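Chain residues, written in single-letter form:
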Amino acid sequence: MHVKMVVGRYAPDRKLDGELGAPYPPPYSDKPRKTYQTFEIDLHDEAMVLDGLIHIREYVDESLVVRCSCRCAICGSCAMWINGHAKLACTTKMKDVLENGTVRVESPPSMMPVRDLVWDMGPFMQKMRSVKPWLEGKPVSPDEEYRVPNEAMDELVQEVSCISCGACLMDCESYAVNDKFLGPHALARAYRYANDPRDSMQQERLKEYSDPNGVWDCTHCYECVHVCPKGVAPLEQILKIRQMSVAAGYTNNAGTRHALAFAESVRGSGRLNELTLMPKSLGLFNIKAQLQSLPSAFNLLRAGKLPPIIHHKIPGVTRVKAIFKKVGGPLT
Amino acid sequence: MIIDYDVLVLGAGLAGMRSALEAKRRGASVGVISKVHPLRSHSGAAEGGINAALDPGDSWEIHAFDTIKGSDYLADQDAVEIMCREAPRDLIEMEHMGVVFFRGPDGKLGTRAFGGASKARTYFVADITGQALLNALYDTILKEDVKTHDEWFATALYVPDGTCRGAVAIDMLRGELHLLRAKAVILAAGGMGRVYEPSTNALICTGDGHALAYRAGAPLMDMEMVQYHPTTLKGTGFLMTEGARGEGAYLTNKDGERFMQRYAPKMMELASRDVVSRSETIELAEGRGVDGCVYLDLRHLGAELIHKKLPQIHEIALNFLGLDMVEVPIPIRPGMHYIMGGVKTDSDGATPLPGLYAAGECACVSVHGGNRLGANSLLDTLVFGRRSGAHMADYVKNVKPLATGEEFLKSETQRIQALLDRPYKGETHARLRLELGTLMDDKVGVYRDEAGLQDALAKVRAIRTRAQSVSVQDKGRIYNQALLFALELDYMIDCAEATIVSAIERKESRGAQSRTDYPKRDDANWLKHVLVTRSADGTPKISYQPVTITKWQPMERTY
Numbered sequence: 393m394h395v396k397m398v399v400g401r402y403a404p405d406r407k408l409d410g411e412l413g414a415p416y417p418p419p420y421s422d423k424p425r426k427t428y429q430t431f432e433i434d435l436h437d438e439a440m441v442l443d444g445l446i447h448i449r450e451y452v453d454e455s456l457v458v459r460c461s462c463r464c465a466i467c468g469s470c471a472m473w474i475n476g477h478a479k480l481a482c483t484t485k486m487k488d489v490l491e492n493g494t495v496r497v498e499s500p501p502s503m504m505p506v507r508d509l510v511w512d513m514g515p516f517m518q519k520m521r522s523v524k525p526w527l528e529g530k531p532v533s534p535d536e537e538y539r540v541p542n543e544a545m546d547e548l549v550q551e552v553s554c555i556s557c558g559a560c561l562m563d564c565e566s567y568a569v570n571d572k573f574l575g576p577h578a579l580a581r582a583y584r585y586a587n588d589p590r591d592s593m594q595q596e597r598l599k600e601y602s603d604p605n606g607v608w609d610c611t612h613c614y615e616c617v618h619v620c621p622k623g624v625a626p627l628e629q630i631l632k633i634r635q636m637s638v639a640a641g642y643t644n645n646a647g648t649r650h651a652l653a654f655a656e657s658v659r660g661s662g663r664l665n666e667l668t669l670m671p672k673s674l675g676l677f678n679i680k681a682q683l684q685s686l687p688s689a690f691n692l693l694r695a696g697k698l699p700p701i702i703h704h705k706i707p708g709v710t711r712v713k714a715i716f717k718k719v720g721g722p723l724t
Numbered sequence: 016m017i018i019d020y021d022v023l024v025l026g027a028g029l030a031g032m033r034s035a036l037e038a039k040r041r042g043a044s045v046g047v048i049s050k051v052h053p054l055r056s057h058s059g060a061a062e063g064g065i066n067a068a069l070d071p072g073d074s075w076e077i078h079a080f081d082t083i084k085g086s087d088y089l090a091d092q093d094a095v096e097i098m099c100r101e102a103p104r105d106l107i108e109m110e111h112m113g114v115v116f117f118r119g120p121d122g123k124l125g126t127r128a129f130g131g132a133s134k135a136r137t138y139f140v141a142d143i144t145g146q147a148l149l150n151a152l153y154d155t156i157l158k159e160d161v162k163t164h165d166e167w168f169a170t171a172l173y174v175p176d177g178t179c180r181g182a183v184a185i186d187m188l189r190g191e192l193h194l195l196r197a198k199a200v201i202l203a204a205g206g207m208g209r210v211y212e213p214s215t216n217a218l219i220c221t222g223d224g225h226a227l228a229y230r231a232g233a234p235l236m237d238m239e240m241v242q243y244h245p246t247t248l249k250g251t252g253f254l255m256t257e258g259a260r261g262e263g264a265y266l267t268n269k270d271g272e273r274f275m276q277r278y279a280p281k282m283m284e285l286a287s288r289d290v291v292s293r294s295e296t297i298e299l300a301e302g303r304g305v306d307g308c309v310y311l312d313l314r315h316l317g318a319e320l321i322h323k324k325l326p327q328i329h330e331i332a333l334n335f336l337g338l339d340m341v342e343v344p345i346p347i348r349p350g351m352h353y354i355m356g357g358v359k360t361d362s363d364g365a366t367p368l369p370g371l372y373a374a375g376e377c378a379c380v381s382v383h384g385g386n387r388l389g390a391n392s393l394l395d396t397l398v399f400g401r402r403s404g405a406h407m408a409d410y411v412k413n414v415k416p417l418a419t420g421e422e423f424l425k426s427e428t429q430r431i432q433a434l435l436d437r438p439y440k441g442e443t444h445a446r447l448r449l450e451l452g453t454l455m456d457d458k459v460g461v462y463r464d465e466a467g468l469q470d471a472l473a474k475v476r477a478i479r480t481r482a483q484s485v486s487v488q489d490k491g492r493i494y495n496q497a498l499l500f501a502l503e504l505d506y507m508i509d510c511a512e513a514t515i516v517s518a519i520e521r522k523e524s525r526g527a528q529s530r531t532d533y534p535k536r537d538d539a540n541w542l543k544h545v546l547v548t549r550s551a552d553g554t555p556k557i558s559y560q561p562v563t564i565t566k567w568q569p570m571e572r573t574y
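Chains as they are written, first to last, in the working numbering: chain A, 393 to 724; chain B, 16 to 574.
Calculated directly from the structure, the hints in this document are not laboratory data. The structure displayed is predicted, hence computed values, not measured ones. Careful: at least some of the hints might be erroneous.
[Unchecked claim] Straight-line distance between alpha carbons at most 35 Å, and here's what the computed DSBU-like set of lysine-lysine pairs gives: (1) K158/B to K572/A; (2) K423/A to K158/B; (3) K718/A to K323/B; (4) K474/B to K425/B; (5) K487/A to K407/A.
[Claimed, not checked] Some chain A residues judged to face chain B by a derived CB distance under 10 Å, without partners named: (6) S469; (7) V540; (8) R584; (9) D591.
Heads up, the beta-carbon is just placed ideally off N, CA and C, and yes, glycines get one too.
In isolation and in its complexed conformation, chain A is listed as follows (with noise of 0.2 Å):
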C-alpha cells in the first residue's frame, strides 16, 4: 500500500522544511503554528497509522518524534490528531484514515506541542491530579480486604480501563473554551473514586466535582465517548457523578438550576422557555452574573436569535407530563 502521510512538525530550536501551516483560528490561537511534511512510504496493508510512523522515524527522517510503546493501546504514548480526529496511532488502520491515498497527523491544536507529534502533557496530567485520584479509604483492618460487592467493583471497571492517553481532553468542545473545565478524563477518574464503595470522602468529591469547571461544565457533545479508544465513556460517567451530587442535595449550582429549569419548562409548556432559563440557572437574584450574560444575549438578538417573547404551551401537553410521571425523579 502505498501511502502519503503529512505530518506535522514543530522544533521549537530548528527551522523545518515542509509547508508552514496556517495559524489556528480562535480559541487555538496562542498555539504556534506547525510545518507540514509529506512522506510518501509503502507499507503493508493492515498496518496502522504508527507503524507508518514508526517506518518513517526509522528509515526516513530520524527527526521525526512520536511518542509510542506498547503499540497495542495498553501504554497511552501515541494519542494524536489524525485527519484532525484524537485518535490512538497504534490502533487507527492506515487503510480506514486514507483520502485520496493521504493522511494527516499532526499534535492536537488544544495541546501546547513540545516537539512534532508530541505535546505537553502537564496541563492534563494536572487535571487528573486536581480531582484527588485516589482512595481515602473508610477504616479496615490492614490484614483483610474490604468486603465489597464484584459488582460495585465491575462498575469501577470501565474508568480502571483508561490509559490516560489523552484523546478525550484533545477533542473536548468544553476545554476548548474554558481551559480550567476539569475534561473528560479527569472526572471519568473522579467518577472512579466518588463510586468506590470503600472511599470515606464521597460527599466532599461530590461537592467540589460539583462547582464551576466541574461536571456541569460538560455540555455532552459525545466528543470525548466517540474518541475514547477504551470504551471509557467519560461522558456517561460525568452523568453519574451529577446524579449522584444532586441526589446528595448539591443542587445550589447554575448546572443543577440549569437542568431544572430545563426539565420544569418541558414539563410545564412542552417545549423550552429560552428566555427563563438563563435568569433560572443563573439563579434568580444573581444580578452580576445576569448583567454579564448581557452581552451574548445582544450577539444572540443581533444574530436574529429571538425566542418568542409569548411562551405558547405544545398541543397535548398533559402527554408530555405523563412522561414525567412516569420517568420519575423530583419534578414529578
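Since the structure of chain A is already known, use the hints to place chain B on it.
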C-alpha cells in the same frame, strides 16, 4: 544542574513506584526518574494477575513450592520464602490503595487459575491487572507527593570510589543533562524484551537497568534465563494472557488436537511456561502448526466470559488480526516475554555494589530461577520494591552527603555530545536493532546449542563494533529520540552479550535454557547461578554462586 536526593529511583513502573513510596514513608527524600510518564510504564501491560496464598486452603509453603518447582530449582529458596510469605500483605495493601480486584460471592477477593500453580491463587482485574495496579500506585504517589521527573533518561550511574552515588540523566523535554546525586540508587528499569524481535515487550524495554549496573561493575545473574511466553499473537507478537488458559482456553494444533496431553497430561495447558513453549515449538517443528503458529481456542468459554474477563485480548486479536476469539481460534506462537535474570541482589534489593539497589524485572533476587510462574512478576515488583525502599531508607541515614560530581557531569555531557557529533557513515540504530533482535530470537530462543550460541556471540560482537559508528541524525536539542535510541542500542548489546555468554556457559537444560546438545538437567554440576561481570577491558567475566536450598530438594519436574 545537580539535584540532590537521599534515594534516587530509576524507573516508575510498579517496582520503582513501590520502592519510592516506601522510602518516602520512612522519611527519605526521594526522586524518581522515568524515561516515560509513569502511567506509560510496561508494568501496565501485565494482564493476567498477581499471585498470593491468601485463601485458607492455600499456604505460602505451597506457593513457594510451586514457584521453586517452576524455577526448575534454580531460585534461591530463602528469597522465594520471603516473597510468598509476604505476598498476602502486599496484595491487601494494593487492595487498600484502591485496586478494583475481582470478588467472590462473599465480597472477598476472588481468584483465577494460572500456569504452574497447584491452587487458584491469582488475583486479578479482568485482563488489565497490571494497569489497575499501576494506576492505583500512581494515584498513591500523587497522594503522598512523591517527586517524579517524567521523560528523563539515565545515561550513566555515578560511582565515585566504588559506591553508587547517583546518575546522570537527560531531561528529554528540555534537552539538558543533569546529575541526580543520591545516597542510594535503585534500578527499577524493567526488562530487556526489545533485545529480541519479536517480543511481547513494549518499545521502551531495552535493558537500561541491566546495562547501567553492568557498566558500573555490578554482576548480572541468570541472564541465560529468557522466558518465552506460550501465547503471543501471530505477526505482531502481542501478549495473549495466560489468564485465557486460566479461564479454561485450549491449545490446539492443526488437527484440532489438545497437544498438551502428550507433554503435560496432568496440568495440560496450565503447565509452566517453559514447558508449554517447548511443547509448542516441537509441534511446529514436527509440522503440526499452521503458518508457524498453533491455536489458542477460547470458543467454548462463551461470549459473556470473554467480554467480561478477557476484554483486552479480545480487542487486540480483533484489532490486529481481525479475528473474533468468540467465533474462531486465535493463531499464537511462543514469543520472548520476560527475563528471569538481572542485576544480582539480596532479598533487600541490595546489589554487591554499595549504594546500588535493584528491583523488579531488571533485578535477580532470585525468585524466578530458570522459569517464572505467571502472575509472580507483579508480586516480585511489589514485595522487593517495598523491601528495597525500606532498606534504602535505613541505609541512607549513615551516608554523608556529597559535594563532588561536576566533573562527572561534564564528562558525560562530552560523551553525549561526541555521539551527537559523530558523522553519518551509513549505520543506523534502527537497522542494528532489528538485526540484533532477529538474531537473538533465531539463535538464543526456546532451543539453543553451542554452535548457534557461538555464532550469535560473534555476530553480537560484530554488531557492537558497528554500533560504534551509528550516528544520530537528529541534531535537535528538544526531545531528541534518535539520541535516546542510539544510547538504548548500546544498552541492548550489553544485555545480549551477557545473555549469550551465560547461555554458552550453562551446559545443561534447565528452565528456559534448553540446550539440544545438553538436553538433561545436571544438578551435580549446574545447580548454581551463572554471574557475568564486566571486566576492565569491557569483556564479560563469568563467576558462579551456589543456589540457596532451604527445604525443597531438587526433584524431577513433571506437570
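Hint check:
1. For a cut-off of 35 Å, the pair hint linking K158/B to K572/A stands: about 21 Å separates their Cα positions.
2. Restraint check for K423/A and K158/B: the C-alpha separation of about 32 Å stays at or below 35 Å, so the hint holds.
3. Taking the CA atoms of K718/A and K323/B, the gap is near 33 Å; set against the 35 Å cutoff, the hint holds.
4. For a cut-off of 35 Å, the pair hint linking K474/B to K425/B stands: about 34 Å separates their Cα positions.
5. With a C-alpha separation of about 32 Å, the suggested pairing of K487/A with K407/A holds against the 35 Å cut-off.
6. Proximity of S469/A to chain B holds as hinted, the smallest CB-CB distance being about 5 Å (cut-off 10 Å).
7. Given the 10 Å rule on beta carbons, the hint for V540/A holds: about 5 Å separates it from the nearest Cβ of chain B.
8. With its C-beta approaching chain B no nearer than about 8 Å, R584/A sits inside the 10 Å limit, and its interface hint holds.
9. Hint status for D591/A relative to chain B: holds, with the closest Cβ pair at about 8 Å, below 10 Å.
Going down the numbered hints, you'll see the structure goes against none, and every one checks out.
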